[in-house]
Amino acid sequence: MSADTNRSKMDLETLFDNLAEAVEHAPPEDLLAEAKVAGQDTERIAADVKNTLLDAVRNFEQRKLHAARHAYRKRSTELRCKRFALPDSAVERRKMLIDAAATNQRVARVTAKFRDLRELSDEDVRSALEDLMDLGAFDQSAELYDDGNK
Amino acid sequence: MKEKPQVKTAPDPVAGTDEVRQAIAALTEAESVKLLHAVEGAAYRLRQRVFCVDPKEIFNEAIARVLDGRRHWQPRRVDFVGLLIGVIKSIEFEWREQAKRPENPVLETDLSDSNSDGDPIPNRIQQAADLRPGAERELIRNEQITQEQLFEQLEEFFSDDALAALIFSEWRRGTKGPEIMKALGLDRQQFDTAVRRMDRAIKKHWPEGMPDVR
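For the protein sequence lines, the chains are A and B, in the order given. No gaps in the numbering here: position 60 of the first sequence is 60 in our numbering, and each next residue is one more. Position in the second sequence counted from 1, then plus 150, gives you our numbering.
One chain only, chain A, in its complex shape:
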């Protein structure tokens, strides 16, 4: 091995890597034996490690659940906002439904159960439009109306 110079050729990061590797390469049984020699309660350590890891899994699942709830609330809010985009007048709402049923296959399928859309009550028209919006079947038609381009 070579003679030393005054300055280290090793930096702190390398020292840290070297220390970490001594654990990484170690057979678990060696570390267990060392811990026992040091008087550590290894049974308790094992239980604590398992509980911490299982808690971490639970934390992750809760985060996922929170994210799903957040997405659901966001979607609900968007849907509510879209309902506000319905035309103000009953005549325009009925026209919107009839036009959409004529041009949009998805809307036509859903409204097929009604014999004549012109005979529906204003409340049924509004309700049908809202249901269609909730189903997402009506988005494009609604947008056309919002733009005033229809």
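Check each hint, because a few of them may be wrong.
[Claimed, not checked] Derived contacts from chain B toward chain A, CB cut-off under 7 Å, selection only: (1) Glu181; (2) Leu186; (3) Ala188; (4) Lys206; (5) Ile213; (6) Ile235; (7) Arg322; (8) Pro357.
[To be verified] Restricting the straight-line Cα-Cα distance to at most 27 Å, the calculated cross-link-like pairs of lysine-lysine (DSS-like) are: (9) A:Lys36 - B:Lys206; (10) A:Lys36 - B:Lys326; (11) A:Lys50 - A:Lys64; (12) B:Lys250 - A:Lys36; (13) B:Lys206 - A:Lys113; (14) B:Lys250 - A:Lys50; (15) B:Lys206 - B:Lys239; (16) B:Lys250 - B:Lys353; (17) B:Lys239 - B:Lys353; (18) A:Lys95 - A:Lys113; (19) B:Lys332 - A:Lys74; (20) B:Lys326 - B:Lys206; (21) B:Lys332 - A:Lys50; (22) B:Lys353 - B:Lys206; (23) B:Lys332 - B:Lys250; (24) A:Lys9 - B:Lys250; (25) B:Lys250 - A:Lys95; (26) B:Lys332 - B:Lys206; (27) A:Lys9 - B:Lys206; (28) B:Lys326 - A:Lys64; (29) B:Lys326 - B:Lys353; (30) B:Lys239 - B:Lys326; (31) A:Lys64 - B:Lys332; (32) B:Lys250 - A:Lys64; (33) B:Lys250 - B:Lys239; (34) B:Lys206 - B:Lys250; (35) B:Lys239 - A:Lys64; (36) A:Lys50 - B:Lys326; (37) B:Lys326 - B:Lys250.
[Claimed, not checked] Calculated Cβ distances over 12 Å to all of chain B for the following chain A residues: (38) Asp11; (39) Ile45; (40) Ala56.
I should point out that these hints are in silico values taken from the structure, not numbers from a laboratory. No residue lacks a Cβ here, since even glycine has one placed at the ideal position from N, Cα and C.
Chain A is fixed; fit chain B onto it per the hints.
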């Protein structure tokens, strides 16, 4: 020559939450101790740069990375302990790197060139050009030791342990572990045991984390 028919094999399945739970439940006492060693070591080393790192935080992050797919676990290829130790290493490396630079770097273009009174303020480049350190920064810097001073202190700690002292001085010379083992006639187990003695001595001397160096 007839071409060998290509056999399409299904990719190794990636483990989900249930498999991870089962793997945790199946950890042996020895494996749990090893994982604790790894995570505590990472937290300890991180404390040199990052304030108050808790081993639990690292475990949480490691599990999150496995479950959200940032690190895929293919149980047929990698054992769970090996996987977690690899993830812990990555987290340690990333957090150390993050600690070296500001969390949210500010772009020069984001900065206003005048204050609320409309007076011009120096931009980041002009500020960087002023190399006079602030009084507080200078005080901290004066209290910090150099890397060489730290290594000299470490060599002193290991003076009672001839093998540890020898390994450490060879590291300082730039000698790699396998070369040291060969030169000293050590097997991997003897070498690692001596290194872990060094690790324990360091932690005993600086229980809250090694001092940062300038």
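A quick look at each hint next to the structure:
1. Glu181: At about 5 Å, which falls below the 7 Å cut-off, the nearest Cβ of chain A leaves the hint on Glu181 (chain B) intact, so it holds.
2. Leu186: Holds, because the Cβ-Cβ distance from Leu186 (chain B) to chain A comes to roughly 5 Å (cut-off 7 Å).
3. Ala188: holds, 5 Å
4. Lys206: holds, 6 Å
5. Ile213: Where the cut-off is 7 Å and the nearest Cβ of chain A is about 4 Å from Ile213 (chain B), the hint holds.
6. Ile235: holds, 6 Å
7. Arg322: holds, 4 Å
8. Pro357: This hint is violated: Pro357 (chain B) lies away from chain A, its Cβ roughly 15 Å from the closest one there, beyond 7 Å.
9. A:Lys36 - B:Lys206: holds, 22 Å
10. A:Lys36 - B:Lys326: Not OK: Lys36 (chain A) and Lys326 (chain B) at ~30 Å, beyond 27 Å, violated.
11. A:Lys50 - A:Lys64: It holds: about 21 Å lies between the C-alpha atoms, which stays within 27 Å.
12. B:Lys250 - A:Lys36: Distance of about 37 Å is beyond 27 Å: violated.
13. B:Lys206 - A:Lys113: violated, 59 Å
14. B:Lys250 - A:Lys50: The hint is violated at about 32 Å.
15. B:Lys206 - B:Lys239: holds, 15 Å
16. B:Lys250 - B:Lys353: holds, 22 Å
17. B:Lys239 - B:Lys353: holds, 19 Å
18. A:Lys95 - A:Lys113: Roughly 18 Å between the alpha carbons, so the hint for Lys95 (chain A) and Lys113 (chain A) holds.
19. B:Lys332 - A:Lys74: At roughly 63 Å apart (the allowed maximum being 27 Å), Lys74 (chain A) and Lys332 (chain B) break the hint.
20. B:Lys326 - B:Lys206: With Cα atoms ~32 Å apart, Lys326 (chain B) and Lys206 (chain B) exceed 27 Å; violated.
21. B:Lys332 - A:Lys50: Judged against 27 Å, a Cα distance of about 38 Å means the pair is violated.
22. B:Lys353 - B:Lys206: Holds, because 18 Å separates the two Cα atoms, which is no more than 27 Å.
23. B:Lys332 - B:Lys250: violated, 36 Å
24. A:Lys9 - B:Lys250: Roughly 21 Å separates the two Cα atoms, so the pair holds.
25. B:Lys250 - A:Lys95: violated, 63 Å
26. B:Lys332 - B:Lys206: Violated: Lys332 (chain B) and Lys206 (chain B) sit about 38 Å apart, past 27 Å.
27. A:Lys9 - B:Lys206: Distance ~34 Å between Lys9 (chain A) and Lys206 (chain B) Cα, so the pair is violated.
28. B:Lys326 - A:Lys64: violated, 44 Å
29. B:Lys326 - B:Lys353: holds, 23 Å
30. B:Lys239 - B:Lys326: holds, 19 Å
31. A:Lys64 - B:Lys332: The given pair, whose Cα atoms are some 50 Å apart, is violated under the 27 Å limit.
32. B:Lys250 - A:Lys64: Since the Cα atoms of Lys250 (chain B) and Lys64 (chain A) sit roughly 31 Å apart, the hinted pair is violated (cutoff 27 Å).
33. B:Lys250 - B:Lys239: holds, 17 Å
34. B:Lys206 - B:Lys250: It holds: about 22 Å lies between the C-alpha atoms, which stays within 27 Å.
35. B:Lys239 - A:Lys64: Since the Cα atoms of Lys239 (chain B) and Lys64 (chain A) sit roughly 25 Å apart, the hinted pair holds (cutoff 27 Å).
36. A:Lys50 - B:Lys326: Not satisfied, since the Cα-Cα distance of roughly 35 Å exceeds 27 Å.
37. B:Lys326 - B:Lys250: Cα-Cα ~26 Å, so holds.
38. Asp11: violated, 7 Å
39. Ile45: violated, 6 Å
40. Ala56: Contrary to the label, Ala56 (chain A) does not stay out of reach of chain B, its closest Cβ about 4 Å off (not over 12 Å).
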